[in-house]
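Colleague: Letter by letter, the chains look like this.
Protein chains: 2
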Amino acid sequence: MRNLLMKVSYDGTDYNGFQTQPGGHTIQDYLEEAILALSGEQVKITASGRTDAGVHARGQIFNFYTSSQIPVERWCVALNSRLPEDIVVTEAMEVPLDFHSRREAKRKTYRYTINANQFPDLFGRRYQLHHPGSLDIEAMSAGLRHLIGTHDFTSFASRKSTKPSHVRTIYDAWIETDTSMCRPGTRDQGLIHTYVSGSGFLQHMVRIIMGTLITVGEGKLKPDEMKRILEARNRAAAGPTAMGKGLMLWSVEYDITDGVKPDLWNT
Amino acid sequence: MRNLLMKVSYDGTDYNGFQTQPGGHTIQDYLEEAILALSGEQVKITASGRTDAGVHARGQIFNFYTSSQIPVERWCVALNSRLPEDIVVTEAMEVPLDFHSRREAKRKTYRYTINANQFPDLFGRRYQLHHPGSLDIEAMSAGLRHLIGTHDFTSFASRKSTKPSHVRTIYDAWIETDTSMCRPGTRDQGLIHTYVSGSGFLQHMVRIIMGTLITVGEGKLKPDEMKRILEARNRAAAGPTAMGKGLMLWSVEYDITDGVKPDLWNT
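Protein chains in written order, with UniProt numbering: chain A, 1 to 267; chain B, 1 to 267.
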């Protein structure tokens, strides 16, 4: 028996989220079907966490147990040939038997992309929220900085959250802009990428943070009010939940050195 | 009666090319239907040229005549709300009545994108040819340079071409690479963007140039053999026709100053 760890990218547009659910058509279902087709084994994979319907991943991590003798370096290509073209496994390695993708995740980073140009970017349209109105990016950055640190994030969690504690730590959060597609002489502001990196995230947490930051960017909320919203510990104090399509699980990092290539864990 | 000129971007993946044809479902059909829905006029648009099925455009140009009194600055948003989300009109302006998008095009630039990483880039997969094998980019650049200048491009044209002359001028052609997505410690070579800018292009010309350059990149053909292929004036002398999905009409430039914003013409 071996414990295999894999890194997977997916375009979540056409799926009902990562985790298996009664409606089917999830990323997990397709991964488990591909493993079954390849190895003949009906496995249950464990991921670093779920992602919502329509949310994407650049570097989701999962692991599973297998008795298959297929060499570890063959798995990526063999699985990809059995997966839809919008799910791609990019790394595979053997890890200690007690390794667990969710419990041992030390840091997760999400990226949320807003297209603040007048027109949608049709080549990136599946991975962006289009917001043609003007946004105050400085104010959004200032608001975002209030979230760094250890806080009770109840105001930024779905009311459906059943977690016993809503205390999480955001290690870092920052905004990067890409103005390469702006048309000269227009109000185009380019792509606004917001990165949020933390110990773990509650249901809808990044999307509610983004919906609130957009309200700040529109000038309807002062950046310092993020503090008040945190302190309210009440979902009603925060802004709307931003659409899932702009969100991408960017990377998951672990703190282990045995039997793993370190480059997997830091990208 | 006014002559309106527009710039349009499209994702050609799901269309039967730009130009109206019996099978329907072309970019031109959707543009003419949107104009009909908006203005009530059944117009015939004239583009800078056609693009094949599956080929994309960042900056295609077309014009048409209208009696509509809708102000020119309203057209983009009004048309986009009547177009599928993979066709976006980004500029509109009035031009002299005798302006013709195809006849007056002075320079067209195409970009062809190869993903030379081991794994497909799922977020850009619709706009790239995936070539996981190693490519000699220096050799491809050297081969490409032989095409700059005025030549008879019969070897690089579809056998179905009915043009009386196959002489065209390539003003410039160059390769840019983007290694931002390469995984460390792998044979990943990143994205290889080939730009070809010329007076005009024959049917399949850029795709046959690319199919031949890939053969050069694979080491199966020496860069200097591009000269011999040009001189052969025979389609059989060149390499295969590369897939349409990697090709994008990047920009079309015109040489007029009356009644047009110059920034349209140089991007």
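To be clear, the hints were calculated from the coordinates, so they are not data collected in a lab. Just to be clear, a hint being listed does not mean it is correct.
[To be verified] Listed below are the simulated EDC-like cross-link pairs for lysine to aspartate or glutamate, each with C-alpha atoms no more than 20 Å apart in a straight line:
1) A/K106 - A/D255
2) A/K245 - B/E253
3) B/K245 - A/E32
4) B/K245 - B/E32
5) A/K44 - A/E104
6) B/K160 - B/D29
7) B/K245 - A/E85
8) B/K44 - B/E32
9) A/K227 - A/D136
10) B/K245 - A/D86
11) A/K245 - A/E104
12) A/K245 - A/D86
13) A/K163 - A/D52
14) B/K163 - B/D86
15) A/K245 - B/D86
16) A/K163 - A/E104
17) B/K106 - B/E253
18) A/K245 - B/E32
[Claimed, not checked] The following residues of chain B were derived to be distant from chain A, with all beta-carbon distances above 12 Å:
19) Y10
20) N80
21) N117
22) G149
23) T150
24) V167
[To be verified] Computed far set for chain A versus chain B, every beta-carbon distance over 10 Å:
25) H25
26) L38
27) E91
28) L97
29) R102
30) P120
31) R125
32) R126
33) S134
34) S141
35) S165
36) L202
37) R233
Cβ atoms here follow ideal geometry from the backbone N, Cα and C, with glycine treated the same way.
Colleague: Does each hint hold? Answer for all of them.
Modeller: Tested hints:
Under the criterion of a C-alpha separation no larger than 20 Å, the hint pairing A/K106 with A/D255 is consistent with the structure, at around 7 Å. Distance hint between A/K245 and B/E253 is unfulfilled; the C-alpha atoms sit about 35 Å from each other, more than 20 Å. Restraint check: the Cα-Cα separation between B/K245 and A/E32 comes to about 30 Å, which exceeds 20 Å; the hinted pair is violated. Distance check on the hinted pair: B/K245 and B/E32 sit about 24 Å apart at the alpha-carbon level, beyond 20 Å; violated.
The suggested pairing of A/K44 with A/E104 holds, with an alpha-carbon distance near 18 Å, which does not exceed 20 Å. Annotation: proposed proximity of B/K160 to B/D29 is violated, straight-line Cα distance about 24 Å (limit 20 Å). Proximity of B/K245 to A/E85 is assessed by CA-CA distance (about 15 Å); at most 20 Å being required, the pair is judged to hold. For the proposed pair B/K44 and B/E32, the alpha carbon gap of about 7 Å is at most 20 Å, so the pair holds.
With a C-alpha separation of about 18 Å, the suggested pairing of A/K227 with A/D136 holds against the 20 Å cut-off. Proximity of B/K245 to A/D86 is assessed by CA-CA distance (about 16 Å); at most 20 Å being required, the pair is judged to hold. Proximity of A/K245 to A/E104 is assessed by CA-CA distance (about 27 Å); at most 20 Å being required, the pair is judged violated. A threshold of 20 Å between alpha carbons decides the hint, and for A/K245 with A/D86 the separation of about 14 Å falls inside it, so the pair holds.
In summary, the hint linking A/K163 to A/D52 is supported, as the alpha carbons are separated by about 17 Å, within the 20 Å threshold. The straight-line distance between the Cα atoms of B/K163 and B/D86 is roughly 31 Å, outside the 20 Å bound, and the hint therefore fails. The hinted pair formed by A/K245 and B/D86 meets the criterion: a straight-line CA distance of about 16 Å does not exceed 20 Å. Distance restraint check for A/K163 and A/E104: the Cα-Cα separation of roughly 18 Å lies within the 20 Å cut-off, and the hinted pair is therefore satisfied.
A distance of roughly 6 Å separates the Cα atoms of B/K106 and B/E253; the hinted pair therefore holds under the 20 Å criterion. At roughly 30 Å between alpha-carbon atoms, A/K245 and B/E32 are farther apart than 20 Å, so this suggested pair is violated. The Cβ of B/Y10 sits about 7 Å from the closest Cβ of chain A, inside the 12 Å cut-off, so the non-interface label is violated. Against the 12 Å criterion, B/N80 falls within the reach of chain A, whose nearest CB is about 7 Å from its own CB.
Listed as a non-interface residue, B/N117 fails to keep its Cβ farther than 12 Å from every Cβ of chain A; the least gap is roughly 9 Å. With a closest Cβ-Cβ approach of about 30 Å to chain A, B/G149 is found to remain outside the 12 Å limit, as its non-interface label requires. At roughly 32 Å from the closest C-beta of chain A, the C-beta of B/T150 stays outside 12 Å, upholding its exclusion from the interface. Listed as outside the interface, B/V167 is consistent with that label: its C-beta sits roughly 33 Å from the nearest C-beta of chain A, beyond the 12 Å cut-off.
With a cut of 10 Å on Cβ distances, A/H25 stays outside the contact zone with chain B, its closest approach being about 17 Å. With a least beta-carbon separation of about 17 Å from chain B, A/L38 lies farther than 10 Å from that chain, consistent with its non-interface assignment. Not every CB of chain B is more than 10 Å from the CB of A/E91 (nearest about 8 Å), against its label as outside the interface. For A/L97, the requirement that its beta carbon stay farther than 10 Å from each beta carbon of chain B is met, with the minimum near 26 Å.
Remark: the non-interface label on A/R102 is consistent with the geometry, its nearest Cβ contact in chain B lying 23 Å away (cut-off 10 Å). Chain B draws A/P120 into its interface by the beta-carbon criterion, the shortest separation being 6 Å against a cut-off of 10 Å. Non-interface status of A/R125 relative to chain B is broken: a Cβ of that chain comes within 10 Å, the nearest being about 6 Å off. A Cβ of chain B approaches the Cβ of A/R126 within 10 Å, the least distance being about 8 Å, so the stated non-interface status is violated.
The claim that A/S134 lies off the interface holds: its Cβ sits roughly 16 Å from the closest Cβ of chain B, which is beyond the 10 Å cut-off. Even its closest Cβ contact with chain B, about 23 Å, leaves A/S141 beyond 10 Å, as expected for a residue assigned away from the interface. Separation of A/S165 from chain B is adequate, the least Cβ-Cβ distance of about 34 Å exceeding the 10 Å criterion. Every Cβ of chain B is farther than 10 Å from the Cβ of A/L202; the closest lies at roughly 26 Å, confirming the non-interface assignment.
Under the 10 Å C-beta cut-off, the non-interface status given to A/R233 relative to chain B holds; the minimum distance is some 36 Å.
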